[in-house]
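Residue numbers (this note's numbering), protein chains in the order written: chain A, 1 to 600; chain B, 1 to 436.
Since the hints were derived computationally from the structure, they do not count as laboratory data. Backbone N, C-alpha and C define an ideal beta-carbon position, used for all residues, glycine too. Some hints here could point you the wrong way.
As the list claims (entries may be wrong) - Going by beta-carbon spacing under 7 Å, a handful of chain A positions derived as facing chain B:
| id | residue |
| --- | --- |
| 1 | N84 |
| 2 | K87 |
| 3 | A90 |
| 4 | V91 |
| 5 | K285 |
| 6 | G457 |
| 7 | N516 |
| 8 | T520 |
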Amino acid sequence: MKDISADVVVVGGGHAGCEAAAAASRMGAKTLLVTHKIKTIGIMSCNPSFGGVGKGHLVREIDALDGLCGRICDKSGVMFRLLNLSKGEAVQGIRAQIDRSLYRSNMLSELLSLPNLTVLESSVESFKFSQSGSTLEVSGVILADNKIISSKAVVVTTGTFLNGTINTGLEIKFAGRLNDEVSVSLAKALRACGFQMGRLRTGTPPRLNKDTIDFSELTSLRGDPTPTPFSFMTVEIPNAHNQLPCYLTYTNPFVHQIIRDSLHLNIYVAEEIVGPRYCPSLEAKVLRFTRDRHQVWLEPEGYDTHVIYPSGLSMTLPEEYQQRIVNSIKGLEKCEVLCYGYGVQYDYVDPRELKHTLETKRIGGLFLAGQINGTTGYEEAAAQGLVAGVNAACRVLERAEFVVDRSEGYIGVLIDDLVTQGASEPYRIFTSRAEYRLSLRSDNADQRLTPKGIAIGCVSSARARKFMSFSRDFELCKQKLISTVKNMKEWRSLGFKVTECASGPRKSAWDLLSANFHLTALLEKLPELEMEGISPMLLRTLNAEGKYAPYLEDQRETIKLYKKDENLLIPPELDFHKLVPLPFHFYSILLSTLIKECPT
Amino acid sequence: MATQAISIIRLSGEDSFKIINRSIRKDLNHENGTTLRNFYDPKGNLLDQVFLITFVNPNSFTGEDVVEINCHGGVLVTKRILETLIANGARMAERGEFSKRAFLNQKISLIQSQGINDLIEAKNDLALKISAKNMSGKTNVLINEVKSNIMDVISKIQTAIDYPEYEETDNVTPENIKDDIVVLHNGIKKIIDLSKRASFSKNGIKTAIIGVPNVGKSSLLNSFLNEDKAIVSNEQGTTRDIVEGEIAFSNFTLSLLDTAGIRKTENKIEQLGIEKSLQVAKDADLVLYLLDVKGDSKLIDVDKSKTIFVINKVDELSNEQRKNVENKFKEYSPVFVSALNSDIDSLIKRIEDKFNLNEIAKSDEAILTNADEIAKLTLAMSKVENALTNISNGFSIDLINIDLRTAFEELNELLGFNEIEDEILDNIFKKYCLGK
Chain A
1 MKDISADVVV
11 VGGGHAGCEA
21 AAAASRMGAK
31 TLLVTHKIKT
41 IGIMSCNPSF
51 GGVGKGHLVR
61 EIDALDGLCG
71 RICDKSGVMF
81 RLLNLSKGEA
91 VQGIRAQIDR
101 SLYRSNMLSE
111 LLSLPNLTVL
121 ESSVESFKFS
131 QSGSTLEVSG
141 VILADNKIIS
151 SKAVVVTTGT
161 FLNGTINTGL
171 EIKFAGRLND
181 EVSVSLAKAL
191 RACGFQMGRL
201 RTGTPPRLNK
211 DTIDFSELTS
221 LRGDPTPTPF
231 SFMTVEIPNA
241 HNQLPCYLTY
251 TNPFVHQIIR
261 DSLHLNIYVA
271 EEIVGPRYCP
281 SLEAKVLRFT
291 RDRHQVWLEP
301 EGYDTHVIYP
311 SGLSMTLPEE
321 YQQRIVNSIK
331 GLEKCEVLCY
341 GYGVQYDYVD
351 PRELKHTLET
361 KRIGGLFLAG
371 QINGTTGYEE
381 AAAQGLVAGV
391 NAACRVLERA
401 EFVVDRSEGY
411 IGVLIDDLVT
421 QGASEPYRIF
431 TSRAEYRLSL
441 RSDNADQRLT
451 PKGIAIGCVS
461 SARARKFMSF
471 SRDFELCKQK
481 LISTVKNMKE
491 WRSLGFKVTE
501 CASGPRKSAW
511 DLLSANFHLT
521 ALLEKLPELE
531 MEGISPMLLR
541 TLNAEGKYAP
551 YLEDQRETIK
561 LYKKDENLLI
571 PPELDFHKLV
581 PLPFHFYSIL
591 LSTLIKECPT
Chain B
1 MATQAISIIR
11 LSGEDSFKII
21 NRSIRKDLNH
31 ENGTTLRNFY
41 DPKGNLLDQV
51 FLITFVNPNS
61 FTGEDVVEIN
71 CHGGVLVTKR
81 ILETLIANGA
91 RMAERGEFSK
101 RAFLNQKISL
111 IQSQGINDLI
121 EAKNDLALKI
131 SAKNMSGKTN
141 VLINEVKSNI
151 MDVISKIQTA
161 IDYPEYEETD
171 NVTPENIKDD
181 IVVLHNGIKK
191 IIDLSKRASF
201 SKNGIKTAII
211 GVPNVGKSSL
221 LNSFLNEDKA
231 IVSNEQGTTR
241 DIVEGEIAFS
251 NFTLSLLDTA
261 GIRKTENKIE
271 QLGIEKSLQV
281 AKDADLVLYL
291 LDVKGDSKLI
301 DVDKSKTIFV
311 INKVDELSNE
321 QRKNVENKFK
331 EYSPVFVSAL
341 NSDIDSLIKR
351 IEDKFNLNEI
361 AKSDEAILTN
371 ADEIAKLTLA
381 MSKVENALTN
391 ISNGFSIDLI
401 NIDLRTAFEE
411 LNELLGFNEI
421 EDEILDNIFK
431 KYCLGK
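Just need the whole structure built from these sequences, with the hints factored in.
What follows is the structure in structure tokens.
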């Protein structure tokens with residue numbers, strides 16, 4: 001192979017890498033995805049599920065920007081649930097159990113079908129730089145065989161592979177994932193750039209043989225009879241009528257005793273490296289909380305596999321102890337462990353090294369996305385991949401930057417938190433991280449983000465058309481509801497027990513939604529609206545927008561105020577030490593968010 | 001500046017040691033301590049022998065390096081030392097700047113810094129007591145308790161939202177958290193009620209004294225003030241202008257508004273005075289209505305809830321007369337005083353009872369004295385009320401959560417903190433065992 005060139009090189013084929021490569025190629029940039037092994041592209045290294053609350057919002061937003069994971073999940077899911085049905089539209093999220101091998105093959109064929117994208121099996125060892133004025137810019141990557149690929153933008157998405165070590169019991173070995181080689185020289189190359197780096201850890205549970213589990217005494221959890229798809233484009237979920245169940249079992253005091261008795265055999269627990277509060281190991285849970293039991297969900301890994309993923313059993317004990325723990329749990333008495341749980345430690349780059357575009361402040365054209373930035377989770381990685389991919393293409397194609405604001409999406413919350421606060425532990429999204437969560441719903445992710453995507457050029461024309469027509473219908477229906485006005489007596493005679501309120505004695509059908517009457521009930525009583533037969537998606541969005549309307553109005557005001565502060569530019573020549581008095585810790589925050597000088 | 005036994009000059013900031021070292025012969029060690037040194041002006045002339053107390057950050061009031069210079073208290077020597085320090089790079093602190101720095105460096109909260117100000121300004125013992133409590137951080141602790149209660153409810157809701165299948169928060173529904181929210185609401189309401197009443201101790205109770213001419217209003221006022229500020233004479237209608245005076249009792253301060261006598265009159269100037277008096281009574285927090293023992297029992301219309309009826313000149317009444325008078329005005333349960341003999345204790349007691357000031361003096365509850373603080377807490381309470389209304393109207397928990405969080409933010413603002421997300425997440429992961 002002779003030296004080649006690409007507009008955008010993406011390093012790594014995990015969830016961040018796939019989205020980054022696909023986004024850059026959708027934008028029209030000539031893109032090259034370099035990965036250690038083509039057969040592990042899109043692999044789900046840990047839990048066999050996607051979505052959830054917050055994470056499900058992210059998948060919807062990725063989809064609204066024409067990203068891949070939502071559509072691939074719809075194709076590969078084996079069990080779908082809409083979570084938080086009773087807790088309100090703003091916090092509802094979809095979660096799906098995914099067939100690992102289907103996901104991988106669907107992802108690969110999707111990537112291979114993209115016009116501007118080439119996939120290369122190789123290992124990136126370091127970068128090429130060029131000096132542009134006073135700034136250093138990336139100009140390409142160097143492969144293991146010393147081949148050079150020149151490129152104006154590079155997106156690094158190496159997950160847990162940077163100086164990755166995995167451990168079970170007292171044993172530690174170099175690996176980014178079980179049986180996968182680690183990126184040592186790339187970690188060195190990043191350090192040489194002068195990036196602040198740290199070390200994080202995570203873990204994964206043992207895998208169990210389904211045929212040796214006694215499910216008869218366990219509670220089962222089934223998918224929704226009519227599953228809600230992740231993607232705004234999905235018409236039908238192929239496995240809707242063929243869903244697999246999950247099962248619930250629990251740990252017990254006997255299990256907890258085994259853990260306490262074997263702490264001396266467990267490096268992971270002893271070490272000080274910051275662990276994730278958000279997905280703690282079983283050991284951490286037992287040590288931190290005095291409880292008689294912890295939940296363990298037995299999750300299917302797909303149709304053509306007998307592997308079961310026991311969510312809640314992440315541990316790093318020596319193998320024989322893992323076996324004993326598994327066999328001490330109800331339903332798993334005779335269970336065979338197919339492979340043991342292990343802990344992973346890896347290097348990450350302090351995300352405060354990044355701009356909101358995920359480009360590094362030190363080196364022009366170098367973008368980082370995914371676990372390398374200190375996050376955990378497929379969805380968090382995919383979201384960053386998409387933003388980095390779009391911006392890498394923007395840089396090459398000389399388009400404006402693409403930044404999602406905190407008030408526009410969970411993607412914005414995620415990235416803003418990372419680049420301003422850093423990550424002292426693996427970062428995971430929660431609805432509680434979002435200030436404007438009544439407007440950041442999963443039902444309106446397309447309303448929030450697809451127009452932005454269309455403007456920057458990362459949304460296909462098919463999606464754009466579908467979106468436009470949905471938006472037209474939405475406005476039409478909303479106007480009908482607003483113009484249907486009745487007095488209190490008339491509403492009461494229709495069965496709506498409205499009470500007097502500030503808006504006066506006459507109320508529109510739209511007002512009734514904010515008094516917590518459901519749109520379905522209104523449509524039933526008001527045939528003159530001629531809205532029967534509207535899609536479930538439109539119904540949900542109309543109902544939610546109406547229901548939260550007064551609060552959304554308040555939020556818009558708050559957002560205006562926050563934007564005023566947010567858009568305040570700090571002149572780079574400002575000497576913070578002269579701003580007397582400022583609290584001590586403000587100086588370091590202000591200094592660390594400033595663009596740092598480039599290394600020479 | 002006046003001549004005192006000693007003057008204390010406080011230097012605060014990162015250059016404190018550098019600046020003082022320019023005026024003494026041997027540099028101070030950068031450590032906490034006390035030293036006696038000669039102090040020289042920029043030309044090297046000896047100015048004074050000073051006692052220096054050093055504080056190294058963060059262990060000082062402001063959280064910065066601090067040097068306190070105890071010098072002799074003469075006006076000129078103090079002035080020269082100040083000038084020397086300024087010549088060596090210091091500047092005069094702005095009003096309240098030390099407290100401001102202490103707040104910004106998280107040494108004290110907003111409530112504490114307000115407490116310091118109140119302490120300095122305190123006009124009576126109750127105000128002193130409340131401000132000392134606020135300054136010491138005790139009130140902070142109490143407000144923090146309310147805050148942590150809200151945080152617990154929010155954490156419960158958010159855990160239920162973010163971990164829908166977690167067994168401990170399985171049953172978190174609006175109905176199930178309603179009781180918690182009612183408790184929250186009552187807690188906040190109690191602080192507001194007490195604070196509103198206690199604010200009289202700080203700001204004074206605006207008090208109007210009204211009554212027909214010559215009933216003894218001015219002499220009552222005078223016995224309060226113990227000085228002849230208002231003119232007292234037996235001729236009707238001598239007091240036309242409203243005289244203000246302020247007097248501190250042990251638990252409260254009265255801001256006294258004197259009023260012209262109220263009666264039918266042809267005199268235009270006096271007519272104006274009467275109208276003004278009625279207006280004053282309307283604006284007052286407390287009306288002291290002096291009854292005329294000789295007049296009839298039909299009175300002008302006043303807001304009885306804020307009025308104490310007083311019968312003056314009790315010294316001029318025989319026992320029998322007094323009995324008749326008591327009977328005549330029974331419905332007003334008046335207080336008997338003799339302003340001329342300064343016998344007004346029973347009235348003071350009645351005022352204390354009316355404003356529950358003794359109860360407040362004994363109370364261990366949080367009491368806020370600043371209108372802005374009370375407004376923040378009131379807003380927090382209205383949000384909690386919204387949450388309760390929304391629960392009654394069957395709204396989902398995501399919406400209930402929004403109002404609780406706004407209330408939480410208000411409390412944080414009151415305390416001067418603003419990192420809300422981290423705080424709630426920390427609480428969630430402390431309380432609940434979550435994860436895969």
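Do the hints match the structure? See the list:
no., hint, verdict
1, N84, "holds (5 Å)"
2, K87, "holds (5 Å)"
3, A90, "holds (4 Å)"
4, V91, "holds (5 Å)"
5, K285, "holds (5 Å)"
6, G457, "violated (33 Å)"
7, N516, "holds (5 Å)"
8, T520, "violated (15 Å)"
In terms of the numbered hints stated before, the structure departs from hints 6 and 8, listed from lowest to highest.
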